[in-house]
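Trainee: Keeping the supplied structure of chain C fixed, place chain F upon it in accordance with the hints.
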Amino acid sequence: MGANSASLSKEQVLDAFRRMRTIREFEDRVHIKNQSGEIPGFIHLSAGQEASAVGICMCLAEDEHITSTHRGHGHSLAKGCDVVAMMDEIYAKRSGLCGGKGGSMHMADLSKGMIGANGIVGGGVPLAAGAALKSHVLGLDKASVAFFGDGAYNEGATLETMNLAKVLNLPMVFAMENNGYGEATPADYAIGGDVLERARGFGLETYAVDGHDFFAVYDVASRAIQDARERKGPVLLHISLYRYYGHFEGDAASYRPEGEAATVREEKDCLMLFRCDAVTGGLVSDAELDQVEAEVTALLDAAVEHAVAAESPGAEDLLTDVYASY
Amino acid sequence: MAQKSFREAINEALHEEMARDDTVFVIGEDIAGGTGGDGEEDAWGGVMGVTKGLLGRFGSNRVIDTPISEMSYIGAAVGAAATGMRPVAELMFCDFAGCCFDQLMNQAAKLRYMLGGQAKVPLVVRMQCGGGFNAAAQHSQTLHALFTHIPGLKVVMPSNPRDAKGLLVEAIRDDDPVMFMEHKFMYDDKGDVPDEPYTIPLGIADYTRDGEDVTICALGRMVNLSNQAADELAKEGIACTVVDLRCTSPLDEESVLESLEETGRLVIVDEGYPRCGFAADVAALAARSGFGYLKAPVQTVTPPHTTIPFAPILEELYIPDVDRIKQAVKATLA
Chain C
35 MGANSASLSK EQVLDAFRRM RTIREFEDRV HIKNQSGEIP GFIHLSAGQE
85 ASAVGICMCL AEDEHITSTH RGHGHSLAKG CDVVAMMDEI YAKRSGLCGG
135 KGGSMHMADL SKGMIGANGI VGGGVPLAAG AALKSHVLGL DKASVAFFGD
185 GAYNEGATLE TMNLAKVLNL PMVFAMENNG YGEATPADYA IGGDVLERAR
235 GFGLETYAVD GHDFFAVYDV ASRAIQDARE RKGPVLLHIS LYRYYGHFEG
285 DAASYRPEGE AATVREEKDC LMLFRCDAVT GGLVSDAELD QVEAEVTALL
335 DAAVEHAVAA ESPGAEDLLT DVYASY
Chain F
30 MAQKSFREAI NEALHEEMAR DDTVFVIGED IAGGTGGDGE EDAWGGVMGV
80 TKGLLGRFGS NRVIDTPISE MSYIGAAVGA AATGMRPVAE LMFCDFAGCC
130 FDQLMNQAAK LRYMLGGQAK VPLVVRMQCG GGFNAAAQHS QTLHALFTHI
180 PGLKVVMPSN PRDAKGLLVE AIRDDDPVMF MEHKFMYDDK GDVPDEPYTI
230 PLGIADYTRD GEDVTICALG RMVNLSNQAA DELAKEGIAC TVVDLRCTSP
280 LDEESVLESL EETGRLVIVD EGYPRCGFAA DVAALAARSG FGYLKAPVQT
330 VTPPHTTIPF APILEELYIP DVDRIKQAVK ATLA
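Residue numbers (this note's numbering), protein chains in the order written: chain C, 35 to 360; chain F, 30 to 363.
The shape of chain C in the complex, shown without the other chains:
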C-alpha cells in the first residue's frame, strides 16, 4: 500500500468497497436480467474492472469531469451516478438517468461530473480534453479523466488528443484500461509497439498499474491527477485488468482461452484482493465489509424492483431534447 492510499480514512475505505461492490452487483444483475429478456439494447459489462473505476474516481472532486466508454456502468457508479436512476435507464424508463433516451451506452450525469459513456470507441477522449480546456481557459485547478480501453488506444481521436493535451498542457489524465481484448481481438495483436513508449512519444508522463489492486490504482491516480491539476503535464495510466463477461452481452467470448476468466476471478478478483488487503492491513473488519455487501444487495434489489415498475416514456418524449430551442 502506497503513501496516498495509506492515508485513506476508514470511511473512505468502506466507501471504496461499497462503490466497487455496487458496480459488481449492478453488472451481475444486468447480466441476469438481460439473459431473461427484460432489458432491451446493447449491453457491455465491466465486472472485474471495478478497482480502476473506483480507484480513479475517488481522487476526483464532484465538479471534476470524466468521460467513459461503451463499457461505462462502472465509471458512472464510481463517479456518483444514482444507482436507481441508472437501473431505470437500463430498463428504458422515463425516470432513467437519461430519461430512457440514452440507455447503457450513454449513461451520464453532468451534475456529478460524468459527461457520459460513449458508443463510439475513442469518442469520449477529446470530450474529456474539453473539460480540461475549460480549466485552461478559465484558470481553474480542476483535472479531467478520459477512461478508454485498449481498443481506443488505436483510435486517431485518442492519439490526436494526447498530442493536443501535451501541446496545450491540459490538466487531464488518460486512463487506458487494458482488459486484454478490443472486442474479440487481443490487445497484444492490435497495439503496435509498446503502450507506454507510445504515450512517452507524445511527451506524456506514464504509469503502469495492476488494475486489480484498488490501492495501487488509487496511489498512482491520486498522484497523476494532482500533477495534472498543478499543470505539470498530462499523464497516461496503463491499467491492466480483465472483464469477466464477453465484449457484449451474448458474446460467448470464445476468442479467449478456456478457463482464462475463471482463473482471473479466482486469483486476482479486485473485490477479493481489496478485502484481503483492507482486513489484513487492519483498516476494516470482515464483518464491516459483510455489512456493506448486504446493504448493496438490498440496494440493487430495490433498484431492479423500481426499474421494473417504473413508467416507460411515451410518444410525447420522442421529440423533446433534440435542441435546447428550435
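Worth flagging that the hints you see were computed from the coordinates, not collected in a lab.
It is possible that part of the hints are untrue.
[Claimed, not checked] Quick look at which bits of chain F chain C covers, simulated, 3 or more residues with Cβ under 8 Å: (1) 101–113; (2) 203–216; (3) 260–273.
[Stated by the list, open to error] Distance condition first, Cα-Cα at most 30 Å in a straight line; then the derived DSSO-like pairs of lysine-lysine: (4) C:146 <-> C:266; (5) F:359 <-> F:324; (6) C:200 <-> C:146; (7) F:264 <-> F:81; (8) C:67 <-> C:266; (9) C:146 <-> F:149; (10) F:149 <-> C:200; (11) C:200 <-> C:266; (12) F:219 <-> C:200.
[Claimed, not checked] Pairwise CB distance ranges, derived in the manner of DEER restraints: (13) F:356 <-> C:346: 47 to 57 Å; (14) C:353 <-> F:356: 17 to 27 Å; (15) F:63 <-> C:315: 52 to 62 Å.
For every residue, glycine included, the Cβ atom is placed at its ideal position computed from N, Cα and C.
Mentor: Frame of chain C; chain F shown alone:
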C-alpha cells in the same frame, strides 16, 4: 451605419462576444498563426484573416492555436461546451469535417438527446464553404446539407456582412451546436453593418427582393446571384421575390410557403450537391405543403452531381450562375 466587409463583420462579432462573456473563446488551426515561433505573432489571424487581432486583446488562453488535428480540437470544443463554455471553433474549410465528423455527428449533435436533456452544447463551428477559387475538390464544397441532415445541429449560411455579424452573435449565444458557414468568395464583400449591437434570430428568412411572379429561394452567395438575376429579370418585366433563408436548420418554411402562395412558382438556387440536397429538400416542402399553390413544376439550380473540378473553365460550368437562374425562372413561366 458603416460599410464593412464580411470579414470585418465576423471579426467584430467575435470581439464583442468575447468581451461580453468570459466563457466565449476561439480555437482552431492558425487562428492566430505563428504561436510558439520566433516570427510575427498573430501572423495570419486565421487562414482568411477573420480572427486577426483577437490574440492581442484576449490572449493565448482564449485564442487557442491548435495542432492540425481536427478530431481533437473539435472534440475538445464539444466537451468544453458540454461543461459550460461557449467555444467558437474554426474548422477552416467545411471539407475538413471529414476529419472530425464523429465529433460533430455523434457527439455535438446527440449529447443533449442521449442524455435526456441534461446537456446543452453551445458550440459554434465556423467554416468556409463554396467554390470559385479554383481550389478543387477538397477545398470548395458547400456541405450544409450534410449537417442539416443531422438532428441536433443548427446550420447557418449568411449572405451579407450585416447578417454575418447578427447571425454569428446569435449563434454564439444559442444553446445548441451551430455550424456557421462562410462563403470564401464573400470575405471582401462590403455592406451596411449597424453600429449599435444587434442580433438576428436563427430560422427567420429575409426577403431581399419582392415580386409577384416567381419565388427564388437561396442561401449565402447564391442569394447575391439570385438578387442579380432578379434585377435583370425585372428589366424584362418578370418580378421575382428572393427569399434569403439564412439558415437550413431551423428552416423558415413559413416564409417559403407564404411567398409561394403569392407567386405560385418556385426556383431554388443552391451551391450544394443536388442528391438529397438542400434544393431537393425545399422542393419537397413545396410538394408536401404548397402543392396547391404551384402553377408550374419547381425548378432547381444546383451544380451537377459531380466532384468540384480544378480547371477554371470547368469550375465556371459547375457553379450556378446568373444566367442559369434566369433560365430557371423563365422555365417556371413557360
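Trainee: Hint by hint, say whether it matches the structure.
Mentor: Cross-check of the supplied hints:
1. 101–113: Result for this restraint: holds, n = 13.
2. 203–216: This one holds; 3 residues, not fewer than the three required, reach chain C with a Cβ under 8 Å.
3. 260–273: Result for this restraint: violated, n = 0.
4. C:146 <-> C:266: Distance ~25 Å between residue 146 of chain C and residue 266 of chain C Cα, so the pair holds.
5. F:359 <-> F:324: Holds: residue 359 of chain F and residue 324 of chain F sit about 13 Å apart, inside 30 Å.
6. C:200 <-> C:146: This hinted pair holds, its Cα atoms lying about 26 Å apart.
7. F:264 <-> F:81: Given that 30 Å is the threshold and the Cα spacing comes to 42 Å, the pair is violated.
8. C:67 <-> C:266: violated, 45 Å
9. C:146 <-> F:149: The given pair, whose Cα atoms are some 15 Å apart, holds under the 30 Å limit.
10. F:149 <-> C:200: OK: residue 149 of chain F and residue 200 of chain C at ~27 Å, within 30 Å.
11. C:200 <-> C:266: holds, 10 Å
12. F:219 <-> C:200: violated, 41 Å
13. F:356 <-> C:346: 47 to 57 Å: Given about 55 Å between the Cβ atoms, the range holds.
14. C:353 <-> F:356: 17 to 27 Å: violated, 41 Å
15. F:63 <-> C:315: 52 to 62 Å: Once the Cβ atoms are compared, 56 Å apart, the range 52 to 62 Å for residue 315 of chain C and residue 63 of chain F holds.
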